[in-house]
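S.K.: Chain by chain, the residues:
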Amino acid sequence: MSKIANAFQNGKAFIGFLTAGDPTIDKTVEYILAMEEAGCDLIEIGIPFSDPMAEGVVIQDANVRALKHNTTTDDVFDIVRRVRLQTDVPLVFLTYINPVFFYGYEKFFKRCNELGIDGIISPDLPYEEKGEIAEIAKKNDVDVISLIAPTSKERIQMIAGEASGFIYVVSSLGVTGMRSEIKTDLGAIISDIRDVTDIPVAVGFGINTPDQAREIGNIADGVIVGSAIVKIIEENGENATEALKDYVSSMKKASNE
Amino acid sequence: MSKGRYGEYGGQYISETLMNELLYLEEQYNHYMNDPDFVEELNTLLKEYAGRPSLLYYAERMTEDLGGAKIYLKREDLNHTGAHKINNVLGQVLLAKKMGKTRVIAETGAGQHGVATATAAALLDMECEVFMGEVDTKRQALNVYRMELLGAKVHSVKSGTKTLKDAVNDAFRDWIARVHDTNYVIGSTMGPHPFPMIVRDFQAVISAEAREQFLEKEGRLPDAVIACVGGGSNAMGAFYNFIEDEDVKLIGCEAGGKGIDTPYNAAALTNGKIGIFHGMKSIFNQGDYGQIAPVYSVSAGLDYPGVGPEHAYLRDTGRAEYVPITDEEAVNAFEYLSRMEGIIPAIESAHAVAYAMQLAPTMDKDEIIMVCLSGRGDKDVRSIAEYRGVDLNE
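Chain order of the listed sequences is B and Y.
Quick note: the first sequence, position 90, residue 90 per this note's numbering, numbers continuous.
Quick note: the second sequence, position 378, residue 378 per this note's numbering, numbers continuous.
The following block holds chain B by itself, in its conformation from the complex:
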């Protein structure tokens, strides 16, 4: 069974995202460990990219900060190596496909396997293109996480039918970023997914308050938060540990209320 399933054994999962190398490589290691300690059940590590097309301003800026001091794919692997010395928390990469393609699929997924990366989320690799990496990822025990959007409609069955790890439901149209209100009928989407598969469903995009986490926790198996965490790192720079811990524990708690 996929190690990602472990993330969903402890009540509703809280999934946190940060961008590797923001503000520094050392701090990313420290923040991942702090988030895990505060209750993150799974952590998404963003590999910085020059052109993060699916991101809103907060995560775009984090990519810029990480690339300003040349955070490379090898640096990101090194972060994982250091984190793995201290924890087994499920880890997935959030990455645009070009850095993976450029690194070489074989080499990239072999590294993932060696270091214990459990999954990959690629916002520019829809169902039609997942053949790029499906076999190599599988061979290396890396789950390719499928995304389902408010516009997916009849595609849900096809996507969910082949999903592995967990399903990432995109809560809203648009790019990543904190939203005050989520209007999509998530219940209907999740119910369509449930018709096809029992794989865990986590919802992300826009979620930032405990109230929203509570609401999502009531209908899904997991709550994903990115921009709000990245914003805490942006505001606190190298001193974000305590703020991150406070935030993560409050969100983990709310997700299970």
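To give an idea of the interface, some chain B residues facing chain Y are shown, with a C-beta separation under 7 Å as derived from the structure:
id: 1; residue: 51
id: 2; residue: 73
id: 3; residue: 98
id: 4; residue: 101
Hint data in this document are derived by calculation from the structure and do not stem from the laboratory.
Just so we're clear, the structure is a prediction, and the values are computed from it rather than from any experiment.
Beta carbons: idealized from backbone N, C-alpha and C, even for Gly.
Please build the complex by placing chain Y on the supplied structure of chain B, with the hints as guidance.
M.R.: Relative to chain B, chain Y alone:
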């Protein structure tokens, strides 16, 4: 593998949120292109509004001066709005309207595609917003004002390198939030399928006309077709109906900037590597670890770190060849054509003119070159003056 492949290139590498919309766009496109009423309406717009067919002009003085092959200019600069961009835009905006959309968005580099989209949106009564890199809004300020006059809203894009690729990023970011009422009118033969196909088909009118015009004027096809390549839409349009004619050489001119051995160029097919970006697998200028590289060209319209997937395929199969042209060569050609023929070309098109100036003298006098003069150069006068150190403000 997904649809829309040119060999290994192309595809649909895009957010799940947009997938259904792309599938719908393709279905609607196929539907309307088989609808005689739609085709008639579009052809009428191209003829009565854009001024097609564009002239195939024999550049006699240039031919005599260079002393080799006969040079013909396909005068896309004479289209309404001054460039080939209108061909594609009329098709895409009309399609958007038929699809029930009320709003169109576009990216623009030099501003020509933005102006064309704003124009078609005004004509067809659609809301229009254009994304343009902050750097480009400065070097093409006149086009920004032109778009505003036409009723469009122009967003100055401040992310990344603040040029064309970043404008594309922001246009996609806008579209993903408003797929219901908005079509993204992409300006070149790039992006996820079906865009490279749609844009090529709408631009193919260039070579369809040229083919007939050559048969009429010369009783034969040209020996070489030369066009500039940024994303590659005027080149795809100029090449397309000659692809089967294997004796017609197809040559694309990329932005060599300050030289292909310097970091200051945008010659993807010369310096780039295969990658996946902006929805397509193609050739991109990229640094170590696959970060998309900042590129440079004197020409805002060629200042793009990649190329459309069909060009990558034409290169690999050897059907077309691609050559870099430096800023200096392009500026010289800009001035040369102005003086020799009384035609001020767009600095983008001047890249193609520059290669014709190199190629023609090496060919026989009974051979023929077609240069796709993709746009007019009014918009570039200020930046060329700057390039030459002339201060127009004094």
